[in-house]
Amino acid sequence: MTSAVRHDPLPSMRGRERVVRTLLYSLLVLGAVLALMPMIWMVSASLMPSGQASSFPPRLFPSRVTFEHYVALFTRLNLGRYLLNSAFVALVVTATSLAINSMAGYAFAKLRFRGRDRLFKALSAGLVLPVQVSMLPLFLLLKNLGLINTYWGVIIPGMASIFGIFLVRQYALAIPDEMLDAARVDGASEFRIFRSIVVPGIVPILATLSIWTFLATWNDFMWPLIVLSDESHYTLPVALANLSGEHVQDTELMMAGSVITVIPVMLVFLFLQRYYIQGVMAGSVKG
Amino acid sequence: MSTGRLRIPSEANTAAWFFLAPALILIGVFFFLPVAAALLLSVTDFDLYGIANPRNARFVGFQNYSRLLGTSEFWNALRNTLYFALVGGPLTIAVSLGAALLLSSKLVRFKGLFRTIYFTPFVTTLVAVAIVWRYLYHTRYGLFNYALGGIGIGPIDWLGDPRWAMPAIILMTVWKSFGYNMLIFIAGLQAIPGELYDAAEIDGAGAFRRFISITLPMLTPTLVFVAVVTMIGYFQLFAEPYVMTQGGPLRSTTSVVLLMYEEGFRWWRMGYAAAIAFVLFIVILVATLIQFRFQRDRT
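Going line by line, the protein sequences match chains A and B.
Just add 799 to the spot in the first sequence (first one is 1) and you have our numbering.
Just add 3 to the spot in the second sequence (first one is 1) and you have our numbering.
Everything labelled a hint here was simulated from the structure, so no lab data went into it.
All C-beta atoms, glycine included, are put in the ideal place defined by N, C-alpha and C.
Be aware that a few hints might be false.
[Stated by the list, open to error] Listed below are several chain A residues computed to face chain B (Cβ distance under 10 Å; list not exhaustive):
(1) Ala898
(2) Ile955
(3) Phe993
(4) Leu1039
(5) Val1047
(6) Leu1069
Excised from the complex, chain B in its bound form:
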């Protein structure tokens, strides 16, 4: 950049800090400081007595972590969250990519209209649509079972059966969020030079072949970006089970964040909950690094 060209005038230096101060103070005090404090909190037994008087909290080392890793409750929540992220994530990405490919076809018109329609679920309020879907999933009166009944499939107890509750939440999430990734894929597809396709077509490559040999490799950076962003978001699953199932049935939809919320803000076991939050952070970090490594190995 042009840093070397001019000497830094001290006035500009002062002005810069004036422009930065509000943002840095706010982000520092209300984000970075709490994150650091969370690390401290996670090695104390801070609970309801601690809220009354912080002096009641004692240092307990890694006791919260060892207790956490020793409970089936935590492993259950982690398993549910992984299920949601590892099934819901790829499914969302597949639907997004499919929609983006449809909307990028030369044969299709009214692209703007379809794009708007597909994107609309993404901007809606999660709590509101979760409530709507709860009724759509109703075993007896819901539209889904009615439609399934039409093709001869018996009623499914979507939100009351531990085997179906998570798939139900995943389906709703795919509907809600595929539009966002779709837009990113459309931008990625536009960036692929049309000559590549023309050349392949002249060489006699069919549509499927062109997709495998041109579209997918050219789209890999976009795919990795989308995969990482989607997965980070999905690991933070909270409102859907909170509203639709309260974590049930039989804790089958209790996510890590929901467990943290319950421990920290319902039972006020804040030291323990802080440990849950950090384990979540580490899981997300590891998953992110794996995906970036995966990309590097492939290219």
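Chain A on its own, in the form it takes in the complex:
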């Protein structure tokens, strides 16, 4: 991590280094086991025959692998529907918020207009407000608009976010003004400039933002729980919480449901983690 050049260690130090290194690796491996254990048990229990996850002593691995719980979830318990609901809501929120936040973030970073800094400050102040404060009136507002118990009731409040605008603005500040002004002199329209100069320039932060939004929307629980009252509209977390009330005893079934809920976000993360981790770092260092 540090670029410091190490001196030639003395033989005695080398022995000590080996002890320290062994200790560090033991701690790291122990940590990794603890971090992964719940996920491994979840997958393993989801493949056990009914009842096997509730036995003493507890089993780590199934005596024989069965997919019956997955079959039950998709045939009897409508899980396919919830999976589609979750995917639809998360994809629409991601796509729309990407467009809306990137336009606003760019405007705050690069366009000169009256009241810009004051407006940005006012918007930033909103970051200290816990979202729960808005929930009760928002529910009444959406009810008046006829949006309760619809996908749009979940989607619309997620279509723009102060944090997303922040992230894009920080990144867009680095675009050279000369490039934009040159395009203006050439007669390019503002929208054209945005599309063909700005967007290509901020692709990394857009990648970060879209993964971030997708995962946050997929995992979100409280707001969908409030808005979606009809089972056919449930997202996976809401359906899972509901299911866990009725099927407390069916450990293996609940584990299979958890696997289905968690696997998509794990895959998105594992394949795109570079962008996701960049986002965490970017969001913090500036703070």
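Place chain B on chain A using the hints.
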């Protein structure tokens, strides 16, 4: 910035508002407006009759607030939330810092692999892992009690004993969220110049001494950021008790947000629930200001 260099062309001005309009309208209508409305709602007796017809709601002044502060139910929820935030927060930060230090050691390889593993719990769906942990905590069949039994500790009724339910939720939350702070600490540690450590080493400072005299002071801004973000998040505790304990046993895990949810969306006492939400906001605000003040006094 470069504002003075060019006159603001009116075209750019119009374009700016065109770019901003969708975001500002959405955030204004679906966030700032509801927040303002929540303040109004909290001074009315808006309830089920109000939902049927808003005219049924009457202005009641600060009655909701005084009623709230007079019930043991609210103080219980606040106490539980503070317990969760003030024990769980520092514990998470300590684990995060420990993991970041391990992963920043010059002696360790495979850093990327370990970092990914440690971060994985953070991206998982809270509801799903809360359900998984509910079974891991099972008094008889759960892996935790089995492991504890192996070292001679008798079975703990994790989620059924009022003394253990909150610690159980805290443990799960530490597992779930330490990876995020860990990444931020790794970035913070990387920013500390290596020469400082080399100089200290030449002066004969041991590893512990270097940590106290270099790492911690250099990391203070990161620590404050992490502490504030973690605490704000932890004050909003909701899904864990909702899924794992339903606020029990004996209301020992009912958080402020869970109380707000129950009052507002189960019993539809929305005026009262709005007052709960505002008190939560004030608590978070005060706690945030205290932490920033703490930092200013130290530097």
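So, going through the hints one by one against the coordinates:
Given hint, A:Ala898 at the interface with chain B, holds; its Cβ is 8 Å from that chain's nearest Cβ, closer than 10 Å. Here the hint on A:Ile955 is kept, as its CB sits about 6 Å from the closest CB of chain B, short of 10 Å. Interface hint status for A:Phe993: upheld, as the beta-carbon distance to the closest one in chain B is roughly 7 Å, under 10 Å. Checking A:Leu1039 against chain B: minimum C-beta separation of about 5 Å stays under 10 Å; hint holds.
For the restraint placing A:Val1047 at the interface with chain B, the shortest Cβ-Cβ distance is roughly 9 Å, inside the 10 Å limit, so the hint holds. At about 7 Å, the closest approach between the beta carbon of A:Leu1069 and any beta carbon in chain B falls short of 10 Å, and the interface hint on this residue holds.
Checked against the numbered hints given earlier, the structure satisfies every one of them.
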